[in-house]
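Novice: The primary structure of each chain is shown beneath.
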Amino acid sequence: MGDLTVEKREKTPQKGAARSEFLPRAIATVLVAVLVVGIFTAAVATLTVRSSTANLYETNRIRMNQVIRALEDGGVGRSNLMTEYDQMYQAKLRNTVYYLGGVNAEVIDDAFVRSVAEFAGAESAAVIDEAGNTYGSWKCMYDFTRNRFNVLRGIQSGRAVAEPFNITSPNGATKRFYGIQIAPGRTLVAVYDWTQTKANIEAMTSWASSLRNMVANDTVCIAVSLSDYTFLYNPIGDLTGHGALQNGMEIEYLRDGFEGELTFGGQRYVAVGREWNGAMVYVLTRADTNMGDDALMIALVCAVLAVFVALVAIYGGITHVDNLRMGRVPSYLTLLWKKDRDGARRGVLNFNRSTAGKVLPIALIGVVVVTGLAFYLRSLNALSSIATEANWTTDELSSMLEQNNQDAASMNEEYKDIFLNECIQLKDILEEHPEYVFNYDPEQPNVHQQPLTYNDAGQVTAGLDLYGNLCWSVSDHPFLQELAEYNTIHKISVFDEYGRIMATNDGGWSFTLSNDPQGQSYEFWEILADHRDTVTQDMSIDDEGNENQYLGVAFYYYTVQGPDGATGYVSKADYQRQIDGAWDGPPITKHRGIMQISIVPERLRNITDTASLSYVADHTTVHGTGYVCIFDTSEDHLCVYSHSATHLGMPAADIGYSPDAFDPSGETYSGIATVLGDRYFQTMKLTDGYYVGAAVPMDTVYATRDRIALIVFLGSVLSIAAMFLCACCFSAATEKRYLDNEGTETGRTRNEQEPFTLTMPSGKSRRVRSAAVRWDAEYVPWHAKTPDQKFGAIAKVVFHGIAGFLFLAIVLCRLGLISVDVINYVYEGVWSRGLNIFALTNGVFTLIILFEVAGLLEKAIKVVTSNAGSRTETLGHLFCSVIRYGVAIFSVFYILYLCGLDTQSLIASAGIFSLVIGFGAQSLIQDILAGIFIVFEGEFRVGDIVTVGDFRGNVLEIGLRTTKIEDITKNIKVFNNSNLSGIINMTKEASYASIDVGIEYGESLERVEKVLEEEFPAMRRRLPAILDGPFYRGVSALNSSSVDIKILALCKEGDRVQLCRDMNREILLIFKKHNIGIPFPQVTVSYLQDPQPDRLSDRDRKEVREFVEKQKEIAPERGAADGERG
Amino acid sequence: MKKRIFVLALGCAAALLLSACGSALSGTLRVGVKTDVANFGLLDEESGQFSGMEIDLAELLRRELGYRNLELVAVTSSNREEKLVDGEIDMMIATVTMTEERRAAYSFSAPYYTDHVKIMVEKSSLIDEIGDLRGCTVGVMQETNHALTLARYLAARRVIPDFDEAAFVPTAFQGGVTFREYGSYLSASRALESGEVDAFIADGSILSGFSDEGRVLLPDQLSVQEYGVGMLKDSGLAARVDRAIDGWLEDGTIAALCEKWGI
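The listed protein sequences derive, respectively, from chains A and B.
Just so we're aligned: the first sequence equals residues 1 to 1126 in our numbering.
Just so we're aligned: the second sequence equals residues 1 to 263 in our numbering.
The hints are simulated quantities; they were obtained by calculation from the structure and are not laboratory data.
This one's a predicted model, so the numbers in the text were calculated from it and none came from an experiment.
Pairs of lysine-lysine residues, derived as BS3-like cross-links and limited to a Cα-Cα distance of at most 30 Å, are as follows: (1) A:K338 <-> A:K358; (2) A:K964 <-> A:K1052; (3) B:K123 <-> A:K92; (4) A:K175 <-> A:K416; (5) A:K964 <-> A:K862; (6) A:K198 <-> B:K123; (7) A:K862 <-> A:K796; (8) B:K123 <-> A:K139; (9) A:K338 <-> A:K736; (10) A:K175 <-> B:K123; (11) A:K92 <-> A:K198; (12) A:K92 <-> A:K491.
Incomplete in silico selection of chain A near chain B, CB under 7 Å: (13) N147; (14) V151; (15) I167; (16) D228; (17) Q246; (18) I251.
Heads up, the beta-carbon is just placed ideally off N, CA and C, and yes, glycines get one too.
This is chain A alone, in the form it adopts within the complex (with noise of 0.2 Å):
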């Protein structure tokens, strides 16, 4: 650090001067502030912006591929549907032809047409001919014989059935035509009234269903129609099939690989747009859900810089303000030199070195600070909205599964229904048309007999019918499999009233029912037995692993026996008659047996493939690239689903998930792990039976921060290096001013609280300040403090402005007043324990609140003490240090706990730890136990006078540990609270001054006394110390020199020492005054007045002399006798 040079010159000091000379300089570094910190701003909020615009841009385009892929998958169901449908109107149709006996052409008219519609459920029919003619109709208003109709004729050119097609008339009713040829030049039209149906299949195919699903947390998917430009789906302001131009859309949109900004109900969003189908679809995401996020980062990248820019030019304004006040000059560079006038060197432009070495560990914290809090915040931003977006990927995935069982569940149901039906229609068919397939001929190659079964007594059992005759089943039945083949079912099987099979349409000819309970066809018994009279089963796998639906229903069929003991077949009509008495043949037994089918696999296929997960799946979006996984609740953890067909069947720790993250509670688990090297956001939640979870990749998140990262960090260079260099330049005209200053005040008086430097028995130099003050939160007027100790002072202003406006947005959104997305996550987000970004912001947030909280706790304390007096205060003293030192061991533990430490063994652990320092902190413990003792008890008090041992001083604090004294001098000795024993607390309102002063023995005794009498009240007015007296106490001592009396006088304690000497300066002036001596010893001096000399010879001396040294080389050592102890 630089030394402050002083100079003086005898230059008249420029008063006037100092004020105005602050303003331009004070002008120019606001301009270069605003400046700054105002092209950084913009800098970063529009690197900022467009980095966010471009991440949505890619976003909806990987969107979009999923969008477009639903699309075709609805398409495809569309037809699907579509092609369901109409199988099953022809087949119904066809069943009901086959039901009214196959018709020969003669017989076909207007009522066997009205049958057959009423039957096959059609709203009109009619029998045409190949020109159009029409011989049968019903309701049916239609001229065939129009082109428009040829697709129904043109059947009869080897197609037995008709392509089917719509008609929809001019107010809105679609009517939908189907064409059979039933008889050989005649085809059955039957017209269904297709307006319903066709609302149906749109309204599960259509766009809205399509689209609906495909919408994330703040996405959505509209759709356009490229012949009318109308909405045909846009959910927002339901502004579906509304006109598109109207309402928000231009032309220029609508154009394959669109992308742009749209505003639709006063809200932007950015979209992505493709052509599909002759229409065009957007993925929309809303423009401003990470403009909140994005504005949030800069607002706060900007103030701190701001902060800093300002921190940097207060301290380069204080100081140079402070140096015209004292008329110093600073020590300075000049980096541009000019000649002035009268030829002298000037310097242009300076560079205030102590300045400048002051602010610059400033400016570079503040570099670093604001690059690390626009790369934490950036971190932050990103993590918490994909985590929050992964959180929600994984709940609509688990409500969408949940959702689609029940749809599955339901949809079983209905088909179960439509399956049935079609069974109970071939049953009528047959019931009707018994001929169709019985009246066996054993000379048919399918025919087989059934084998005969005997019992003990060798009688048959089985195989025989009522008549006696053999009984016969048929295989591959050509009618059957001609049912069964446009009907769309797998088999049909017929089986009589002893549970054989009748007939079939493959090959199984001899098989029974099964009599095991746990076997399939167990369950079909129960309609022989009259018990039910249908059976719908669930669909089921069999041994070769293929999926079967098997349904039954009541078949009753009539026999007689023919003329020829044969077995007859008759239909159900004949045996209405016989009920009726109409019948004349031979008597018909009526049986019960079952009509069986067993649907198509593809048909099933079909229906509970949308339920199923992998459909579900594919159709769920995550943000970006990430994808979906789903595992089962084996041990393992098996994959069931995930994007790579590799992983499928591996256990989920191969593929990177941890066993954490399969919570069995329901939980969502969130988490970071690294798969195959790359870094992902992982959720998992447990659904109906299946983990279900949704990964992010963490590059992606990371891609632009690092890029923002380096502008702040070069923008906040620039601003700050620029604000450095303003602070730390001054040009040629303050320099004059600086030299020609003398200051307005040419000293200021050292304030207790300053620093000063002091030399190390090192050699090195450091500023300390005076013990007395470094407990002591005595207040320096501001005038008064050094440069430094002002722009300490806003520092710390600033920054505790800048941490309780941090307290207060954390306490108003965890109250729910305001939202702010980082502090709901970091509170609330279900992140795991461990040293992520997650725990240390929230360590960070609680701990700023705590040292808030604590330190307006204390602040409030202090005051509160300060004013109730010493034991008030002396307590409050203590309770403060129990807070600091609290607040301190939470702190520690909560990071800890945070960081993912078992704080609770910690905890444990510290008790048995703090045993073991019991033992050796046991003056420690002594120590405090003193202080509280020292404290309830009040042997003394922080402000009493006491005096311990030698040291007499004034009670400076009380603490838990040692207490400090400090003395007249200022010095401060510290004891240890156990060491302060024998204690004299002279703290009174008042003491005895006393002094001894000596009389002559001579001296008259009642003289003195007199004197005394009269210039005490005197001695008393010229002491205004005295509080009583002074008086006198008579004659303390007959001393060997003196006689010695005593005078008293009350004052204050502290006054006390002062006071003895101010008497003893009295009483020598009144006894100077009335000539009373103060004895003192005399010495008296006698002199020899003869010296003698000594009678020695000069070889007497010679022999002394000699004597002395040998004396000396006896015994060196013992030399050392007394006085010389080496």
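Got chain A; can you put chain B on it based on the hints?
Specialist: Just chain B, lined up with the frame of chain A:
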């Protein structure tokens, strides 16, 4: 003194200039446009807004000709010429095909769009090539010459026998194919739907607005249709309009418009 004279002179000059422009910067250009042709002239009932390439063209012309306002008047193929003659509209930009007849009666600009006449049929009619039209009924628009064009086309391909063109009246034609005329595209479309007609012949661009899953276009392209801006013979605007459109054809403005509307 010098300053004052200068200001005065400036003021006079400005006034003169303004008055010169002022005469054109007034008035309303009334253009007849279609309401039912997607991409050319389409009216959204709800909002009353027109959209289409011809609407855009009208706006361009308004600016070019220096009118302050543009008034779009709804016309149909049957009443557009009438409105022009009556003076209700100043020009027609309404998918007007520039036939010889019309050229004789009105003044046209250079063609701003080229289209073909096509035939649309229902799939269920099993008509899949031009020969199948023999004996069929074809729906045509009034005030068009499509019937004649088709008859010629069919005759040329020996689908129907030759006939006398001079005596050709669409609704009365009996030579192997019959025609029915309709006043609006919608009614023609409905007729096709119900089977009243077996085919619908119109400009390709118009037909595309009526296609659906059950319909298909025959591959034949019958004749070239050029759309132009139609004005009265004595209209003072004709030359400027023609020049403007020529210019736009050259510099790609028209091409851009077509691309914008996907036509």
